[in-house]
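If you're matching them up, the sequences are chains A and B in order. Just so we're aligned: the first sequence equals residues 1 to 333 in my numbering. Just so we're aligned: the second sequence equals residues 1 to 741 in my numbering.
Treat the hints as calculated values from the structure; they're not laboratory data. The beta carbon of each residue, even a glycine, is placed where N, CA and C say it ideally should be. Accuracy of the hints is not assured; some may be wrong.
Some chain A residues judged to face chain B by a derived CB distance under 7 Å, without partners named [unchecked claim]:
1. 27
2. 29
3. 38
4. 93
5. 97
6. 103
7. 105
8. 190
9. 194
10. 195
11. 244
12. 305
13. 307
14. 308
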Amino acid sequence: MILRSLTHGIVNVNRTKRMVLFAWMLNVTLALALALPLFSQLNAYLRQSVRGDELLNGFSANWYESWQADMQGSELAPLVDYSILGYAPFLSHSEAVLAGTVVKTTGRFFYTLVANRSFIPLNLLTMMTFLYVLVSTFLAGAFIGTYIKDYRLSFTEFLMEGARYFGRFFRLSLLSLVLYFVLFLWLFDWASGKIPAWTANAPSEMTPFVYYIVKNILVLLSLALLTMCVDYAKIRIVAEDRISALMALVAGARFALKNFSKTFGLYLALAFIGVAMIALYAVLERQIPQHSYGMILLVFVLGQAYLILRMWLKATWYASQTALFQSVSGDIR
Amino acid sequence: MNKSLIPFIEYAVWIVACVGLAAFIGLPDADPLPAKQVPAQPPPRLSQGTGQLAEQVADESAEQRAEQRAEQWAKEWDKDLVLPSESDRIANYTMDVKLAPAERLVTGTEILEWKNTTGQPQQNFPFHLYHNAWKNNRSTFVKENNYQFSGRQMKPEDYGYTNVKRVVLLEGSNETDITATFKYIQPDDGNAEDQTVFQVSTPRQIPAGQTMRLKIEFETKQPIPISRTGAIRNYHFVVQWFPKIGVWSQGAWNCHQFHANTEFFADYGVYDVSITIPSEYVIGATGGIAQSERENGDGTKTYRFYQADVHDFAWLTAPDLVRTVRKFVHREREQDERAERHHPLREVTVILLTQPHHNDLIERYFDATFKALRYYGEWYGEYPYETVTVVDPANDSRSGGMEYPTLFTGGGNIFAPDETPVPESVTVHEFGHQFWYGLIGTNEFEEAWLDEGFNSYSQDRVLNTAWKPFKAYRYFFGGQGAGTNVGIPYVFEDVNLGRYTTGNTVVRGQGKLDVMARKGWEYYQSYGLNSYTKPAMSLWTLEHYLGEEMMYRVLRTYHHRYRFKHPTTQDFINTVNEVSGKNMNWFFENTWFSSNLFDYSVSSITNRAIPKPQGVFTMNGEPVEKPAADSGKPMYECTVVVMREGEAIAPVDVKVVFEDGEEWTEQWDGQYRWKQFVYRTTSPVKYAVVDPDGKLMLDVNYNNNGKVVRHAQYKSLAAKKIASKWMFWLQNYFEFNSYWH
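If we strip away everything but chain B, and leave its shape as in the complex, we get (with noise of 0.2 Å):
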């Protein structure tokens, strides 16, 4: 053969080669399709509360007699502030069920007594049941999910739900069956095919001040793990697992169908369950403590369980758990002027159930929880119950960082570097659900920042106060399984994590879609930027604006006031006007009632030197060499413009700072477009921020924020730093990859 032809061959064969590869195995996956393209600014539709507020701030006079009332708060703020020994104790369940692990079925009784505090007759009583939401894929949970079990490939014992067998109207020895009158109702969305919320009738109203008495017989079969519930290999994570009654709230029962963004809504009771289940597992269970245990005799324990004083009751069970056991006690506190107010918070049995292999994490479970119980607890107002039980959750049982009274879900990784704050963050901030949402029951289908956003922002602070920064880390050479993320970890030293870093970028990308004052399932794909990271964010900004001492004012006012109570969005904006006498609506309805953003940047700094005397100059009609005001110093004439480039308006101080070292902080109200600050110094301007304080955490872009006078050749050498490690990188990047050549 002519060698000349060989290189054509193999060319010729390199083709055939990629061609029969292109026949046998298809065309490899495509690059995946560019995210989905999203309106800048979808119309926003105002809250109903924007209105109200406006009415508000118009009324001058009542603002003043306002700032009076408050300036006399402000001397005894918290002369009357008294935490609330128990709740109104509205729904109150005594249940009796029985675990069957290999088919995942609870089944028993409750008792339901409910007090009738509406004021007024009730026949019809609204339900939830939310184990409805798993029972098929025409619930409103899955359609709104996009018809998905959050990546599950159902089967059909896959499924979940909740049976309701028999309901009761319990009277003295009287029973009157009522199970004829139940019906499923939707009072969102209409859809018939939805199932999580009932409806039942008594056969005579229930007049206002009595207590009713159901008996309601029903069983609940656990999904494989789909949303936070549910059960995986012998690990039994049952929760919002029994009919639970609904809210007479504001008027009108208030009983959400289960969406797929929304979370709970609940009348504070006591708490009485018996739970049967297999007498080698290992049990957890708001209350913590069983008062009771006693073994059946066919394999089975019972454990009684009574929590009074909560809006939920969940528990777990697997035959694997590493049950520990420790007291918090309240030694460690700073000595300042609130040491008083911080009287030694009670006693807590802390119980942790940790995976088996997870041993490594036990400390940090309880360091995380110990840290937070004192805090909160001395921010807020102690902790009210005798036990908080902590679950390290199974693998892939997607029960990991969840909260429920007394009973609360971390998530660890057995790869997590001590730098990462895994699990400290998910462990304060599951526990901080104790406050704002176990003590403090707002509304979470409605209003979840109210929970989310506070608890975030509490978390926040925690982590700030009780550890060193966190930092940003990465799991290499590994992947998803497990339900989790595995690797080998690398901490990045140099950078911090946490959502006070991060946060405003993230208000940048998504803040224009929704106005945050919205029902949890209203959102367009910003519910997690709503509920957590705006709301932190903003409250970060609004202690900033009132001071840290006023803000602790506002917050341990407004948990003592609402305590055990269930209250809105506008308790809250009328209790920081209160306590810290300003109004503040201003605030809110740039920041919560709003989908503007707030952007402020230094536009230009102008040093322009004024140019020595010439000409004619007079004084008192006689000619004279120079003008009586010059010094004969050279002198400067600076100009500093600031610009608002967002649409929110917000006050901002304006920092400048001149080459001799003198500095001048402008105040700013922000309004206009932009602020021009001229200075006649005799020396120019070297730098100029805009809100040099960082008040403003809801900025979009710090980076826009301060300028500094720099010649035109300048090279950065940040910069420079950057480049040249990116360039290293790339060197690397060659190298590695050209291993193929």
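The shape of chain A in the complex, shown without the other chains (with noise of 0.2 Å):
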């Protein structure tokens, strides 16, 4: 059943390519709208520098540093670190996923709101990462509006199914964000505050090494089990036409945790079509010398086609536990 739902969501996101590449379009927008103006202060500073030559053929620590320095009062200067190098991007999200970084700022802001009626300013690339969760939430309803449907929708219906389910699910990321705050604050930022307590007696270093690993392990299935929790909720609520999103968590969690073993499976095996992109990316990349035009631009069409498989995964995703979901309720066409 598994594979049949992923083959199913695959043949279904095969006839919303133009989705798939609004969505990519949607997040190059996104990115465009800091990643301009950095440029213009790299450009501004580097146009007439013969630093700025050297960088073609390797990341100078040196320039950095200076640049960090000079670039004092800037927003996106200090957004930029080695992280940016090879697949270190990857990594460091992935780290960020896993420290809950945007959870718990995003979940400070509105408690603070809540809580203290009073603003924590947020940085530009939280505000940016938050308004790309609502272009999320909005792209979320259209693809599974799209894809719970046995017919061919045009590119006015798909958006016109994102804005009928926009208003459910900002409820329901609202409702999925206090649960991950919960997550983070309670269970995984205790634990990364202890292990170095817990460890610091031990002989060696791979005692704490091993703590650190099952702490992620555990974070790691802990969203993937709420992740796939609300994904069914979502489908629910389409599905079912449900307008209570807490009851459509409620519902979904149900049916994640009933049918566990198809659920988690299907999961698994998107998330290795996931990793196995994101191997390939980084095979490909450290393939190419980056000193000439020609070269810098292949990388970034190379990271434009990772990004475009990525949209299509994330569809892919939606589609599969659509069907999923269809083929255990005896709902599939």
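Could you use the hints to bring the two separately framed chains together as a complex?
Structure, rendered in structure tokens:
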């Protein structure tokens, strides 16, 4: 059933290539909103710089440190660090996911807003990420709304599906934010804070390493479980035209847990495809020396190709899970 | 229920959940407070050496004479360089001590034979008791650490101390108990609660030239590891552990209290130390190989170590240390003009004590130690001792990266990839202290840069010479644990690592906080910069100004001349001036005795096309069509303006490159705020670089050192590269972090 749902999902996604490209374009647009100002700053700094030309032969730690010092006051420059190099972005972002960085920041923001009626200023990156969350919420409704039907939707209908479910999905996002917030703040921050003390007396550094790995696996499993429940809640909102996000979450969780081997198996299969895509990108990126305009462009295109694939995977995720839900509930067409 | 109410109800539920959460768990930790603001430039206090130097600069005739002498010196600079075979052996210790591991207690006696070389009778004798820094939270060390024990939460049994039980003056067969004269003194800060220095007095003066013998009974309780000292689990790192006499220096006793940011200073001598430990324990100590070993029949074993011409004695013991012994043989040598001078260095027995889980690091430790033995020996003079003991410290023992005579600790991590300098960097550095601290016994309290700075420079040279550049790295998915950082390593292949790669940016950040030449405990948060980075970068800069060969001569001469002695900053400056034949006082004034920063930049480049001749031109009173000098080719008036943006001054080169490939290198004394170079050429300037060879490593911003002429619409390819990479990073950031939508 897992394979069948996956295949079914892929077939469905292939019918919505334009929508996948649309999702990618939204990603590009939001990224450009920050990347273009950064480019402008960098260009002003490097345009007449002798050292700028040297940077084509490799990243210079010295140039970087001096640039950071020269760019004090810029909101964007501090967001650039070594983790833009190679396949480090994936490691750095995975680490941020495991630490719940954005969830905690956003959670604190809402928490302070509601509990103290005051604003914690969010940095540019967090604000844009929150905006991206809203975009993703919209797209989730559009994709699931599209895949749950047994006929091809026009692009306008795709957008209408997104609009139709946006409010319910947004409420679901807020509810899940509370759950993620609790998960990270209570369980994982607490564990992360304790590991140094628990392992301080360990003779070997392997001990804390194992602790961290176990913690990370627990975080991953918890995240997988929670996102799975939220995913099926979304599907149930659409499939059963539910109004209550809270009840949908309960229903989604019930479905995900009741059919755990299938839902989790599908989740793992999709995650495996995602990891394979990252590995492929990492291998290819390393082969390309980025010394000339052509090669820099090639890496950029490779990156965008990866992101289109990632959007495809995201759509496949929705489509396969929808197919699984329909299949289990006897509603497969 | 009306379905349209559901969204409102759910928003209300969400708000209640948030408030409930607030009531239940309290507000999450806010972001950390911003770092303490520091004044941009605290009023610098000039060092005592400044006035002296200024006088020397004024003495032009003396300078000329010095230069003449230097010319002669340059011809036969190493004729008289001979390494002393032994030290003055002023402070000699014979000790017999026993470790009780469970109590972390070392008890025993020391017999100090102190030779009065002060040139005058002495009656009062100051001693260090370093362990008393961790006796309570009122010591100067702890106070200077904001009343913290390096982050440790101390239980009553965690403190450490040295308790002097009895002091006896030995005169032939007579023994005079002078314990009653024992008193703590606080020569630095008057903190009456600090007990890191004590003084005893003899009934009679000890005449100049005579030797005093004192017998001191003491016990030292090791603290839990705090600052490179202490015991953890069954690992005992026993250092600065016995009553140690001060140094008579420059007409007075020099015996400073133990400060949070200072290290040590002591006279050379002979150490004969017997140590009793449980039989199953492995031991490492100054002196390396035990002269004798004796089973005591009570489950303990006594080792006797002997080492002459050192100024300290350290030891460590643990039952699970892995001992590996190899010989350093000086086989590889450069076949250059210095080869003769680098006669085969002596064989050295290298004893490596590693943690049981660090077998993978054994080769890396040996490799680094052998390379350090070779290069330090070739450059400065051979390592004179028979052994060196390398210790891979126990996790969380806080004893990593520390040096003692013939023994030092490294520090490794099983997750460190080969491209990263762990444990190589720390191994080379700490071995290097055998030279800069061990053999050149500078005063670490007062002039820390003379050992840390010189050694950081030397360490960089060895790493540059013997290894490919190390790479920056980061651990992912881990954190702190077992006293170290753990995680899955990622190597940034594009980013070279090293002090010389980013040291100037550290100087930029903190360089104005302090003048480098200050006592270790008088810095305002810049001990690290002024003891390590700035002096190391200064020496690199000095090397670039003097030339590599001359720097080699300077340091080799300095090392030969002051081995087993206590040279000062002025001794080094004198050596530089003498050997190089140049008055380099300006250099030290601008670096070691100043908090000013170097920053030279290319401010502007202008290529102005000279218009074709128009108007009336005459030659010999006769009208001509064009000026005689006009070749008819398009001409440019090119102006390059370079600036001195910092307050420190040094001469710099300015390289100007023209579109047709022609290059000019100009010399600028760097004195005035700016300098303009004007050219009339047929080719416009393409780019200009101030300090093109990177001589002035202390320049705090290399990014503004060069400028290229580009048209207004030009878009930097490097900017495209970085921005496109960041955009990819950002796109993924959005995707990764929106999972909760």
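Here's how the hints hold up against the structure:
no. : hint : in the structure
1   : 27   : holds (5 Å)
2   : 29   : violated (10 Å)
3   : 38   : holds (5 Å)
4   : 93   : holds (4 Å)
5   : 97   : holds (5 Å)
6   : 103  : holds (6 Å)
7   : 105  : violated (9 Å)
8   : 190  : violated (10 Å)
9   : 194  : violated (10 Å)
10  : 195  : holds (6 Å)
11  : 244  : holds (5 Å)
12  : 305  : violated (11 Å)
13  : 307  : holds (5 Å)
14  : 308  : violated (11 Å)
Taken one by one, the earlier hints fail for this structure at numbers 2, 7, 8, 9, 12 and 14, listed in ascending order.
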